[in-house]
Every structure is written in C-alpha cells, then in structure tokens.
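Colleague: Sequence:
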Amino acid sequence: MRGRVGAASFPPWIRRHGARLGLECRDLAQQEARVSLLLTGPPALLDAMEMGCSLGPWDIWVEQIDRFPLFPDAPDGAADD
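Numbering (the working numbering), first residue to last: 1154 to 1234.
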C-alpha cells in the first residue's frame, strides 16, 4: 500500500481488522509512504480487507494498493491443500 500510511495506529488496525475477517497477516513492514504485508485467506475476504484499508483509519490515506498472488500458477493464487 502506498500513500500517507506511516501512522503508528495503522499496523494494529490492519491486524485487528484482518483478524475480524479471519485473515492471517504476516510480514508487515511499514514506512512513512509504504506498507507491505502478506495476507492469506479467501479471495472475497481479501477483497473486503482491501476495501477496508482504502477507507481506513482516520489518520492514514491509502493512494494505491498492489496485490500479488502468493502462488501465481494457481487459478486463484492460493495453495492446493
């Protein structure tokens, strides 16, 4: 995610809202203008999390979200378990 995303409140917000959706959040790294993380879960819930982050807490402003599949060769980007 890119934008004005350096607020200290954002990582806990991401983890809390991801947990509410049943998503697993790992490898969260934050800079003033960028946050990178690994979220895993059902595609529809990842979509919901993306929407939530774009609306997000009051002290951040997300300008861009780039999503990449964890397993690019799988049809939905998920592992075959």
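Calculated from the structure, these hints are not laboratory results. Predicted, not measured: the structure shown is a model, and the values here were computed from it. Keep in mind that the hints are not guaranteed to be accurate.
Label-pair restraints from in silico Cβ distances [stated by the list, open to error]: (1) D1219 to E1177: 15 to 25 Å; (2) E1216 to A1161: 11 to 21 Å; (3) D1219 to A1161: 33 to 43 Å; (4) D1226 to E1185: 31 to 41 Å.
Cβ coordinates follow ideal geometry from the N, Cα and C atoms, glycine included.
Colleague: It remains to establish, for every hint, whether it holds in the given structure.
Modeller: Hints, verified against the model:
For the pair D1219 and E1177, the beta carbons lie near 19 Å from each other, so the given range of 15 to 25 Å is met. Our hint of 11 to 21 Å for E1216 and A1161 holds, since their Cβ atoms are close to 19 Å apart. A beta carbon spacing of about 23 Å between D1219 and A1161 contradicts the range 33 to 43 Å that was offered as a hint. Our hint of 31 to 41 Å for D1226 and E1185 holds, since their Cβ atoms are close to 35 Å apart.
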